[in-house]
Amino acid sequence: MEQLLQQVINGISLGSIYALIALGYTMVYGIIKLINFAHCDVYMIGAYIGYFCMNNFHLGFVPSLLISMVVCTLLGIAIEKIAYKPLRNATRIAVLITAIGVSLFLEYGTMFFVKATSRSYPEMTGMMAQRFNFGNVVISMQQILILAITVVLMILLQLIVKKTRIGKAMRAVSMDRDAAELMGINVDTTITFTFALGSALAGAAGVLVGVYYNSINPLMGVLPGLKAFVAAVFGGIGIIPGAMIGGYFIGAVEVFVSGYGGSLYRDAVVFGILILILIVKPTGLLGKNTREKV
Amino acid sequence: MKKIFETQAVRKLVFLALTFVIIQLLISTNIIDAYLQNTLAAICINIILAVSLNLITGFTGQFSLGHAGFMSIGAYTCAIITLRMPTMLGFFLGVFAGAVLAALIGFVVGLPTLRLRGDYLAIATLGMAEIIRIVFINLKITNGAAGLQGIPRFVNWTWLFIFTVGTVLLISNFLKSSHGRACIAIREDEIAADAMGINTTKYKVTAFVIGAFCAGIAGALYASYFYFLKPNIFDFLKSVNVLVIVVLGGLGSISGSIFAAILLEIISTFLQSLSELRMVMYALLLIIIMIFRPQGLMGSKEVTLSVFNKLGGNFRSGMSKLEQRLKSKKGRV
Amino acid sequence: MSVILNVEKLTKSFGGLTAVSNVNIQLEQGELVGLIGPNGAGKTTVFNLLTGVYVPSSGTITLSRDDNKVALQGLKPYKVCKTGVARTFQNIRLFKDLTVLDNVRIAMHKNVKYGLLSSFLHLPSYKREEKKLTEESIELLKIFNLDNKKDEYAKNLPYGEQRHLEIARALATNPVLLLLDEPAAGMNPAETAKLTELIGWIREKFNLTIILIEHDMSLVMKICERIYVLDYGMVIANGTPDEIKTNKRVIEAYLGEDVSNA
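Residue numbers (our numbering), protein chains in the order written: chain C, 1 to 294; chain P, 1 to 333; chain F, 1 to 262.
Chain C with its partners taken away, still in its complex shape (with noise of 0.2 angstroms):
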């Protein structure tokens, strides 16, 4: 029972830096239909940007998630300018080579800059380092930290969403981009405002998962980019809900199948999920049926 509870308690750790990345993955999908395979180094870098806030210039852990977070929105905002609006009109396999294309260039780009191998985040002091023990159950204050940070910002991201004007125009252009354009909307700056969001959240989770598991490196997006891709197809791709509910549910799986003895087939198992939820309902958890009209 115990352990069953903290397989809980971490699998909602890892679950949250999921989601936070399925999220970017899912408004992007949703407003231009591109999976957005640079998502996924942004996050590293935001977790780069991180630690060199902490590393070097000894800011705390605060200031160095909102400068990553700051830095990640405007290289999000760069690489849609740059790589992808040029594209706007080009067919949905070119924009995704160059989406592949924009990930090679900053993982090896920063491969190029920091080398290639591991850094470990600073030692946590203080406050941050406590750990809560209730019987055999351990929660430690990054655990409580990630889990309250990513409440926080998804409050943020949901009022934003159904709150604002841009958010009105967000969900517009991903209903359907050309009525939204005859409607005024200035589509080329919401899908811009898009890729700001989902970025700034991406960096928020590299912080968290420096702060976390300690190691990071220029690859380390890869496959945390893949599974929170599978979290967001889990959920119902192009709906926020689902990134969140597809973002926990993928952590507990990856939690209880390492911990119950399968932690050499974990990322497999994730895989299989996937392959099986596309089989059994292509559009996900809460996505809508929708049919080609002949």
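These are calculated hints, taken from the structure and not from any lab test. As the structure is a computational prediction, the values presented were derived from the model and not from experiment. Misleading hints may appear alongside valid ones.
Result set (DSS-like, lysine-lysine): computed pairs, CA atoms no more than 27 angstroms apart in a straight line [claimed, not checked]:
1. 168(C) x 115(C)
2. 142(F) x 176(P)
3. 113(F) x 202(P)
Chain C is already provided as a structure; the job is to place chains P and F on it using the hints.
Chains P and F only, in chain C's frame:
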């Protein structure tokens, strides 16, 4: 009509024979040294991979991101068989078994997933390739993450040439048949194809299985030529590389795939010493090409040998001169 | 005369919306029948049900061929096609980036007798069958005056010829029943008149039964022997053109809006 066909077939044959002989000569005179031979092998393997993926993605319109998975099945099967049976017979058995096994997995995976459209299929195939890789990491017979070493090398230029030309010819023949046209019709308009009596599921699976079969051959050649395998060779990046060749050459253009495979491998050989920068430049190249020429080098057009000849008497006379020179050279070698 | 197609109580609902409800249609061998009705009446949905694009919620579709009865409901489109039912589409669905010839040859695929092996190796059976296929395709294209354009891309044909090519492609599947979805849409009166003649002619030549959806009443009234009128997914009238012209319910259905607005 018949005469034109005859001469074209003859021309094709002469062109292929020349290519083979010239490169064989360059190898035996050591102008293509051991290092360049690796490039040559990589080119041939990439041509097989790209042309077979083009059949799936460029011609049948089914977006696959898992070609490395099929390649790895061929590679490991061939390696395991030749390690236990290090003879020429073992090699052929390995290539055949690898290709058949890859095709079989292709069938099992393709049947349920090919109902999915566009991106969803891409993701499903990506997931499949990752699962295959993880299985190879955990199996005993594949020696886990460390991989297999000392696989007997049976592949030389002759076999590379035969397998490459063979698969390319088979696939392009297929595409010129009614079955191939059925595949192309699916890419053009799946609903119309269905309404015109084409069993779309059957032909999607057919293209997928043929593609997987050829990827299996490519994998087997890889194992036997480079005599070292580990699961991480066949990661997501490998599948992406193949897709990049296909898109760069032009979706739906066999000759485009061949040119792109040659071009990219040569560029990559020249940049080998730059390590990380090489990948950065590769990435930049991708982005730039997609922004300025998203349809790829060839679009969906094909270069045929007759176009080669039309390019000018210059080329033809050059070729014949070269041929003569080679003939005289052949006497000496 | 014998019944070739018998549709009984055909119903299709999408969620809560019933697009087609309790439709009964009977076609006699060799008939040319029109299916008309206001926009959104469910005409194309009926075609999609007949050709297997949609699976009916209930009801039966029976095709009779040489005393064999085949149930079409629930069959996939390609199987429906193989039973001898071919169609064209309202929004032209040609294989745009392929040649005119290939468009027709693809539709003949189900009759091709060589296998995969022969297609890989181009064995004699491949050469023989491909030659036959190409010749037959060109014969068919000649009827539509498209044989001299056989190597052009379908997308480069003028609009009217694209409509013709779609009919040629449907004929290439060797049907007994042909469904034409707004064949004259977008054509000028001269083109429509020519098409009207052509439809009548191919019916004789290929021994076809034809059902067509059309908004151009000049075409419908001129060549259709019988007309079904659909409104809100239901058949509201069925009879000869003259009967339909004077049918009160039909006039209401077409003019109802105007009357109530007035």
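Hint-by-hint comparison with the structure:
no., hint, in the structure
1, 168(C) x 115(C), "violated (42 angstroms)"
2, 142(F) x 176(P), "holds (23 angstroms)"
3, 113(F) x 202(P), "holds (16 angstroms)"
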